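Student: If you read the sequences in order, they're chains A and B. Residue 0 is where the first sequence starts when you use numbering that gives the first Met the number 0, and the numbers rise one by one after that. Residue 0 is where the second sequence starts when you use numbering that gives the first Met the number 0, and the numbers rise one by one after that.
Everything labelled a hint here was simulated from the structure, so no lab data went into it. Note that the structure is a prediction, hence the values are computed from the model and not measured. Incorrect hints may appear among the rest.
[Claimed, not checked] FRET-style restraints, in silico, Cβ to Cβ: (1) B:Leu218 - A:Val126: 33 to 43 Å; (2) A:Pro82 - B:Gly117: 46 to 56 Å; (3) B:Pro136 - A:Gly124: 37 to 47 Å; (4) A:Ala38 - B:Ala314: 36 to 46 Å; (5) A:Pro82 - B:Ala204: 48 to 58 Å.
Idealized CB from N, CA, C, for every residue including glycine.
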Amino acid sequence: MTSARTPRPGTAPRPVPRRPDPTRLRFGLAAGGLAALSALITAIATPASTGAPVPAVSTPASAPASATTVVQRRPIQYVQLAPGQSAPPGAKVIDAKAPKPITIVTLVPAPAAQQPVVIRTTQSGKVIP
Amino acid sequence: MITPVACDPAVDAAAMSPVSVATTAMGGRLAIHLSAERDDLRALHDGRQILARIDRWAARLSRHLEGSELSALNDDPNWTVTIRPTLGAVLWAGLDAHDASEGFVDIALLDARLAAEGLIPAATWPATHRWSVRFGPGRGAFVQREPGIRFDLGGVAKGWLADRALDLLARWPGVAVDADGDLAVRCAAGQRWAIAVDDPRTDNASLAVLNLSTAAGTLPARWGIATSGTSVHRWGVRGSVRHHLIDPRTGNSAVTDVVQATVACGSALRAEALAKAAVIAGSSEGLALLERAGVAGAILLTDRDEILALPSTLALLDQTGEA
Chain A
0 MTSARTPRPG
10 TAPRPVPRRP
20 DPTRLRFGLA
30 AGGLAALSAL
40 ITAIATPAST
50 GAPVPAVSTP
60 ASAPASATTV
70 VQRRPIQYVQ
80 LAPGQSAPPG
90 AKVIDAKAPK
100 PITIVTLVPA
110 PAAQQPVVIR
120 TTQSGKVIP
Chain B
0 MITPVACDPA
10 VDAAAMSPVS
20 VATTAMGGRL
30 AIHLSAERDD
40 LRALHDGRQI
50 LARIDRWAAR
60 LSRHLEGSEL
70 SALNDDPNWT
80 VTIRPTLGAV
90 LWAGLDAHDA
100 SEGFVDIALL
110 DARLAAEGLI
120 PAATWPATHR
130 WSVRFGPGRG
140 AFVQREPGIR
150 FDLGGVAKGW
160 LADRALDLLA
170 RWPGVAVDAD
180 GDLAVRCAAG
190 QRWAIAVDDP
200 RTDNASLAVL
210 NLSTAAGTLP
220 ARWGIATSGT
230 SVHRWGVRGS
240 VRHHLIDPRT
250 GNSAVTDVVQ
260 ATVACGSALR
270 AEALAKAAVI
280 AGSSEGLALL
290 ERAGVAGAIL
300 LTDRDEILAL
310 PSTLALLDQT
320 GEA
């Protein structure tokens, strides 16, 4: 059984409400999607961060100001296997619970020659002038 | 010139003049620096007394002196040998160094060292070198070893002597003992000792200056700083360059990219063992080892002219410019 309403006599039929034009919304969604995809690709393709930055070492007042660079490097030295994985040839495998090795390369500021130093630590047998 | 520097404004830097005494021992320098009034006769007396005592111990522990206790032990053909307590303590320290260095430091490799110098034929490797030391009920000690094992105490003895001298000078809150480059330092509250890390590439140059300090109002802090490397004791044998740091895995001079390593931690003995281990292990494995050991700082110089340091080292570098 169907029921169909008929307009009352003497009343004008209601105008059918117009649906909004979706074209503008679709363009907006497409542009947003492209932006998100682009950001995702950038995040995947860019090399991983080299670790937290180390604050630059300030030099003594008498040291050259140019020798303040501190560079941090975190090379991949070891392979940690997930279940079911096998190590590539020549890789060194470590225990997952072992502390992660970190190698830091630091360009140490050259010490000022006129510092009122000092005791000197040397290799054995080194003759100090 | 040795200068402990005041890092506490309340301390008058001009009042802290060091008293230093020095001699030659163990093939190098042996020096004691006391933070005291320059004309403090007690400091001079104590410094000289301990220096003489350490010098006597060093003579007993040298393999280069025919009459030393170590030479007598190395020449003794018996399996079990009775030794005096000082030599026993240093052999014991050698076992500690072996453990601290994860096996890279082995004081029972004299023959491998001499073979590396080309003085004796190389032995087959791995050579057995099981040995032990134990202390008797009296003051003596006993060494048990397989035949042929001979000891080279080297840096272990220097580190042990530096730490021992620091113990003997317990009444002085500010002391630095220099055993041929291996240092034991006690830093009094409010003081700072500046330690230059030698640059082996240039005379009288430094890779860095480490600042050891103790905050005012706290107990004196104890430090050990030691440096080991391949650039001083090296020689050519049948066309190949060799050095004195023997890799116990091969019995030969270590093949390494580390020219020199300096370690800062709580004792000179431990610092010396870890510095040597870092050189033998190479930069990658060595830094990982030092990090596991939890050292206060470490600076490595590689054959690529890189200066490598653990992150903890930054806290010791001169960042104040107040010196």
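Student: Look at each hint and say if it fits the structure.
Tutor: Here is what the structure says about each hint:
The hint said 33 to 43 Å for the Cβ distance between Leu218 (chain B) and Val126 (chain A), and at roughly 36 Å that hint holds. In this structure the supplied range 46 to 56 Å holds for Pro82 (chain A) paired with Gly117 (chain B), their Cβ-Cβ distance being about 52 Å. Pro136 (chain B) and Gly124 (chain A) have their C-beta atoms about 39 Å apart, which keeps the hinted 37 to 47 Å range intact. The given range of 36 to 46 Å is respected by Ala38 (chain A) and Ala314 (chain B), whose C-beta atoms sit roughly 38 Å from each other.
Checked against the hint of 48 to 58 Å, the C-beta distance between Pro82 (chain A) and Ala204 (chain B) comes to roughly 52 Å, which is consistent with it.
Consistency note: the structure conflicts with none of the earlier hints.
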